[in-house]
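Undergrad: Quick note: numbering that gives the first Met the number 0 has the sequence shown finishing at residue 158, numbered continuously throughout.
Hint data in this document are derived by calculation from the structure and do not stem from the laboratory.
One or more hints might be untrue.
[Stated by the list, open to error] The calculated SDA-like cross-link candidates involving lysine to any residue, where the alpha carbons are at most 20 angstroms apart (straight line), are:
no.	residue 1	residue 2
1	K54	L74
2	K116	P81
3	K107	D122
4	K116	L130
5	K104	F121
6	K107	Y148
7	K141	V76
[Claimed, not checked] Estimated spans, in silico, between C-beta atoms of each pair:
no.	residue 1	residue 2	range
8	G79	E125	17 to 23 angstroms
9	K69	T134	18 to 24 angstroms
10	K77	E125	28 to 34 angstroms
11	E70	G139	19 to 25 angstroms
12	S95	E157	31 to 37 angstroms
13	W97	K153	31 to 37 angstroms
14	T46	N114	16 to 22 angstroms
15	E150	E70	22 to 28 angstroms
16	E41	F136	23 to 29 angstroms
17	T46	E70	18 to 24 angstroms
Heads up, the beta-carbon is just placed ideally off N, CA and C, and yes, glycines get one too.
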Amino acid sequence: MKVKLFKEKKDLNVYAVRKLNSLKINEFEIRLLRKTGVKMAEYEFLTDENILVIKSPLIYKSQNSVEALKEITDLIVKYGYPNVLGDFRGLVIDFSLWSTIEKPKQWKLLGISKNIKIAALFDRIEDGNILRIDTLFSHGFKVSAYTDYDEALKWLSEV
Numbered sequence: 000m001k002v003k004l005f006k007e008k009k010d011l012n013v014y015a016v017r018k019l020n021s022l023k024i025n026e027f028e029i030r031l032l033r034k035t036g037v038k039m040a041e042y043e044f045l046t047d048e049n050i051l052v053i054k055s056p057l058i059y060k061s062q063n064s065v066e067a068l069k070e071i072t073d074l075i076v077k078y079g080y081p082n083v084l085g086d087f088r089g090l091v092i093d094f095s096l097w098s099t100i101e102k103p104k105q106w107k108l109l110g111i112s113k114n115i116k117i118a119a120l121f122d123r124i125e126d127g128n129i130l131r132i133d134t135l136f137s138h139g140f141k142v143s144a145y146t147d148y149d150e151a152l153k154w155l156s157e158v
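Could you put together the complete structure from these sequences and hints?
TA: Printed below as a string of structure tokens:
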């Protein structure tokens, strides 16, 4: 595992912004995936519960998740849904420790509000999932992990 060391906090922030800006390269990959018929994330609006449900058929790496978060943020802003259910069942998620540590900064840079409740639904909750959820939670984001769809909806519906 490669770990980049920084002498000052500002160097870390500059690196995070550069990494986020460099993700524009991945737009080509996403266009290519769409052209080859690979399905992108599917969205469903549960209007009665005021919940946006996202089901993604892709295998994600951290860079892909940032692109998906941009789309999700746009949908949240456009439709005003304060609750999001990310259905990650059946996915292989390959995030490095570094990308987990950087996730709260990415969310802040993308403009994801700390007022939005986000439930992540997994086949099973593994250590890496817990670490990502705990990292985001410790930075003030309202996130929680579930293996049961109804439990996740119940949590999102609570005031």
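Undergrad: List, from low to high, the hint numbers that the structure doesn't satisfy.
TA: Of the numbered hints given earlier, those the structure breaks are 3, 5, 6, 8, listed in rising order.
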